[in-house]
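Protein chains in written order, with our numbering: chain A, 362 to 490; chain B, 362 to 490; chain C, 362 to 490; chain D, 362 to 490; chain E, 362 to 490; chain F, 362 to 490.
Derived by calculation from the structure, the hints in this document are not laboratory data. The structure presented is a predicted model; accordingly, all values stated were derived computationally and were not measured. Warning: the hint list may mix true and false statements.
The list treats identical chains as one, so a pair stands whether inside a single copy or across any two.
In silico DSSO-like links for lysine-lysine, alpha-carbon gap of 30 angstroms or less [as the list claims (entries may be wrong)]:
{"#": "1", "residue 1": "K387", "residue 2": "K406"}
{"#": "2", "residue 1": "K406", "residue 2": "K383"}
{"#": "3", "residue 1": "K406", "residue 2": "K452"}
{"#": "4", "residue 1": "K413", "residue 2": "K383"}
{"#": "5", "residue 1": "K387", "residue 2": "K452"}
{"#": "6", "residue 1": "K452", "residue 2": "K383"}
Number of protein chains: 6
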Amino acid sequence: MPQPIDYAAASSAVRAVFDDIKATRKVADVNNFWKYLANDPATLKRTWESIKDVMAPGALDVLTKEMVYLAVSVSNGCGYCIASHGAAARKAGMSEAMFGELMAVVGMANETNRLVQGYRVPVDAAYEW
Amino acid sequence: MPQPIDYAAASSAVRAVFDDIKATRKVADVNNFWKYLANDPATLKRTWESIKDVMAPGALDVLTKEMVYLAVSVSNGCGYCIASHGAAARKAGMSEAMFGELMAVVGMANETNRLVQGYRVPVDAAYEW
Amino acid sequence: MPQPIDYAAASSAVRAVFDDIKATRKVADVNNFWKYLANDPATLKRTWESIKDVMAPGALDVLTKEMVYLAVSVSNGCGYCIASHGAAARKAGMSEAMFGELMAVVGMANETNRLVQGYRVPVDAAYEW
Amino acid sequence: MPQPIDYAAASSAVRAVFDDIKATRKVADVNNFWKYLANDPATLKRTWESIKDVMAPGALDVLTKEMVYLAVSVSNGCGYCIASHGAAARKAGMSEAMFGELMAVVGMANETNRLVQGYRVPVDAAYEW
Amino acid sequence: MPQPIDYAAASSAVRAVFDDIKATRKVADVNNFWKYLANDPATLKRTWESIKDVMAPGALDVLTKEMVYLAVSVSNGCGYCIASHGAAARKAGMSEAMFGELMAVVGMANETNRLVQGYRVPVDAAYEW
Amino acid sequence: MPQPIDYAAASSAVRAVFDDIKATRKVADVNNFWKYLANDPATLKRTWESIKDVMAPGALDVLTKEMVYLAVSVSNGCGYCIASHGAAARKAGMSEAMFGELMAVVGMANETNRLVQGYRVPVDAAYEW
Numbered sequence: 362m363p364q365p366i367d368y369a370a371a372s373s374a375v376r377a378v379f380d381d382i383k384a385t386r387k388v389a390d391v392n393n394f395w396k397y398l399a400n401d402p403a404t405l406k407r408t409w410e411s412i413k414d415v416m417a418p419g420a421l422d423v424l425t426k427e428m429v430y431l432a433v434s435v436s437n438g439c440g441y442c443i444a445s446h447g448a449a450a451r452k453a454g455m456s457e458a459m460f461g462e463l464m465a466v467v468g469m470a471n472e473t474n475r476l477v478q479g480y481r482v483p484v485d486a487a488y489e490w
Numbered sequence: 362m363p364q365p366i367d368y369a370a371a372s373s374a375v376r377a378v379f380d381d382i383k384a385t386r387k388v389a390d391v392n393n394f395w396k397y398l399a400n401d402p403a404t405l406k407r408t409w410e411s412i413k414d415v416m417a418p419g420a421l422d423v424l425t426k427e428m429v430y431l432a433v434s435v436s437n438g439c440g441y442c443i444a445s446h447g448a449a450a451r452k453a454g455m456s457e458a459m460f461g462e463l464m465a466v467v468g469m470a471n472e473t474n475r476l477v478q479g480y481r482v483p484v485d486a487a488y489e490w
Numbered sequence: 362m363p364q365p366i367d368y369a370a371a372s373s374a375v376r377a378v379f380d381d382i383k384a385t386r387k388v389a390d391v392n393n394f395w396k397y398l399a400n401d402p403a404t405l406k407r408t409w410e411s412i413k414d415v416m417a418p419g420a421l422d423v424l425t426k427e428m429v430y431l432a433v434s435v436s437n438g439c440g441y442c443i444a445s446h447g448a449a450a451r452k453a454g455m456s457e458a459m460f461g462e463l464m465a466v467v468g469m470a471n472e473t474n475r476l477v478q479g480y481r482v483p484v485d486a487a488y489e490w
Numbered sequence: 362m363p364q365p366i367d368y369a370a371a372s373s374a375v376r377a378v379f380d381d382i383k384a385t386r387k388v389a390d391v392n393n394f395w396k397y398l399a400n401d402p403a404t405l406k407r408t409w410e411s412i413k414d415v416m417a418p419g420a421l422d423v424l425t426k427e428m429v430y431l432a433v434s435v436s437n438g439c440g441y442c443i444a445s446h447g448a449a450a451r452k453a454g455m456s457e458a459m460f461g462e463l464m465a466v467v468g469m470a471n472e473t474n475r476l477v478q479g480y481r482v483p484v485d486a487a488y489e490w
Numbered sequence: 362m363p364q365p366i367d368y369a370a371a372s373s374a375v376r377a378v379f380d381d382i383k384a385t386r387k388v389a390d391v392n393n394f395w396k397y398l399a400n401d402p403a404t405l406k407r408t409w410e411s412i413k414d415v416m417a418p419g420a421l422d423v424l425t426k427e428m429v430y431l432a433v434s435v436s437n438g439c440g441y442c443i444a445s446h447g448a449a450a451r452k453a454g455m456s457e458a459m460f461g462e463l464m465a466v467v468g469m470a471n472e473t474n475r476l477v478q479g480y481r482v483p484v485d486a487a488y489e490w
Numbered sequence: 362m363p364q365p366i367d368y369a370a371a372s373s374a375v376r377a378v379f380d381d382i383k384a385t386r387k388v389a390d391v392n393n394f395w396k397y398l399a400n401d402p403a404t405l406k407r408t409w410e411s412i413k414d415v416m417a418p419g420a421l422d423v424l425t426k427e428m429v430y431l432a433v434s435v436s437n438g439c440g441y442c443i444a445s446h447g448a449a450a451r452k453a454g455m456s457e458a459m460f461g462e463l464m465a466v467v468g469m470a471n472e473t474n475r476l477v478q479g480y481r482v483p484v485d486a487a488y489e490w
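Make the full structure from the sequences, and use the hints.
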């Protein structure tokens, strides 16, 4: 099974990505996700560049994006992702009250998604255009 | 299979819920989801009261909540929910640029959730407290 | 893409399975699922024999089994499976009141499953043995 | 990350919910799920009232409801939920033989749900009404 | 809701991506997925470049990659993806016998994934290193 | 909760399955999955016979089948299955470069599956036949 690759043991291609992550996020070290992905430098580089792009502020601010990332991770039951994006969302300004409401929305969405499918509800004409 | 129940054919208990939905949302008629749920008046009432509560503005505004609802529905592949909450999010102010970024975040979250699980990444000590 | 294989066009190996399905279920024709699986006679035979075994009355009666099958299919969002096992559950005695309660349980389970994961709830010692 | 809230440290609103859970279930303490949800008293109260309602005996008995809850939790891969609802189902009368058959049904449903989707099986006319 | 964007109506940035897709895949037109993604040119470009990279032959050949893509799409129940990657896998050499075996593996994996979770099976020491 | 059943404590029916697993796979002991399934001898026997059948070399070789099994297990987030089928795939010849590309494909498939659903992309006529 792949082992994490630390900066000291990393190739220069991997170090370049690690350096950019640390500079962009202003952190002292990269988190485990990147150390494991470093086993496949092409995927490491592509994934980091995509994440950097997608998570940059744009039409949506960083806090909203991190909360959406957390919501999807909760819905998929990915423990690591819930921990890391929970931390990122809090760093971006998510209060505990916001977290509570976020979880309530995620819970309701999962409940009603299944009710809709169980009752086989057809799409309303008003929603098609 | 359950058929939708229209206002005209509904019991007074169902009509009371339909009336509250229409008044709260300022719409002329309820959408199909509620007409199907009306087959089970207890679930109709409980679901509506929960949704009304959870989706009211609070620490998170309505637009953020609708975008999170949409993100979860997309991640679960619920076609009806994507159509109805896509419409609700747009009504609450989601621009097409915001939709595009939302989908990009949902896509990345689904991708990295699986990379994390495939590489069996352990949670960093920094994320535990 | 695979096309459905009707009895008239089926090989004798496929016909043998179709005959057993029709005799076991007392139906005039097999449903589409089996006609598509007939493209792969080994999977057709193995799946039918497994289903016949697993769905036979035992410690759980047929109605309970069909409702569990339906609950899982709803939770997975499989439209065909919801239609076919919804019909099978009704044939086995599921009333509309039972269906309503079943959907309510499926909805709550999906909601609380995600709340548990979002709050990262550790298993109570009382549940380990 | 939210920490569990014990009875001693809980607000009176949270204690009222904890008291009702303990009285309804005849248990000495609430399980971890509720102690974590207590971080958001509104969600705690709404979730408990919904669960109490939905899981009460009705057209379906408590054992059937707990087995369905367990089946969905297994299908969603929620470890905590499998442990807690596995315990609840056993307390409600699920024997190990029943558990074995339940898992067999859940397994088959997950298998055939995917076969149906992979073969793109269209819904039979007989299932539409 | 976003509408598909055809080549004739596309911006030059979108056309550049469409041209690369058509040249790389030797097709006369791009499929609907790209016409919808064209509503968000940044996501269109990033997704196409990622796909082109990831799906190129490397340690795994194109046929294996397309079958894995199809297997994941079936497991996620994405109808469009099953249709499009089913077609791509067949174009890359997947016979109907291979498709049958692929579906059988996907089905078994989904079945045993849930059995493992339901029985709460701990990882064997032999699998950790 | 079911406990694992070791060979020494197993019934002769369970031992017969364990013996066949050990002989077929040329291993000294069965892994935990089978020891837990042994609580339900009928499911143990049926699951083993299905797996033996489905995973035997045919139109697809064993390595491809194990990689597909791993891909589905990653997509479903089943930790045990990722560990055990990761080991099986490596034993069948999966190099770390192949693993890296496999994960990249699984990641992309999960990303684009959701983009497709979010944009509500209709199936192209060319994919229907």
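Violated constraints from the hint list, given by number and in increasing order: No hint contradicted; all consistent.
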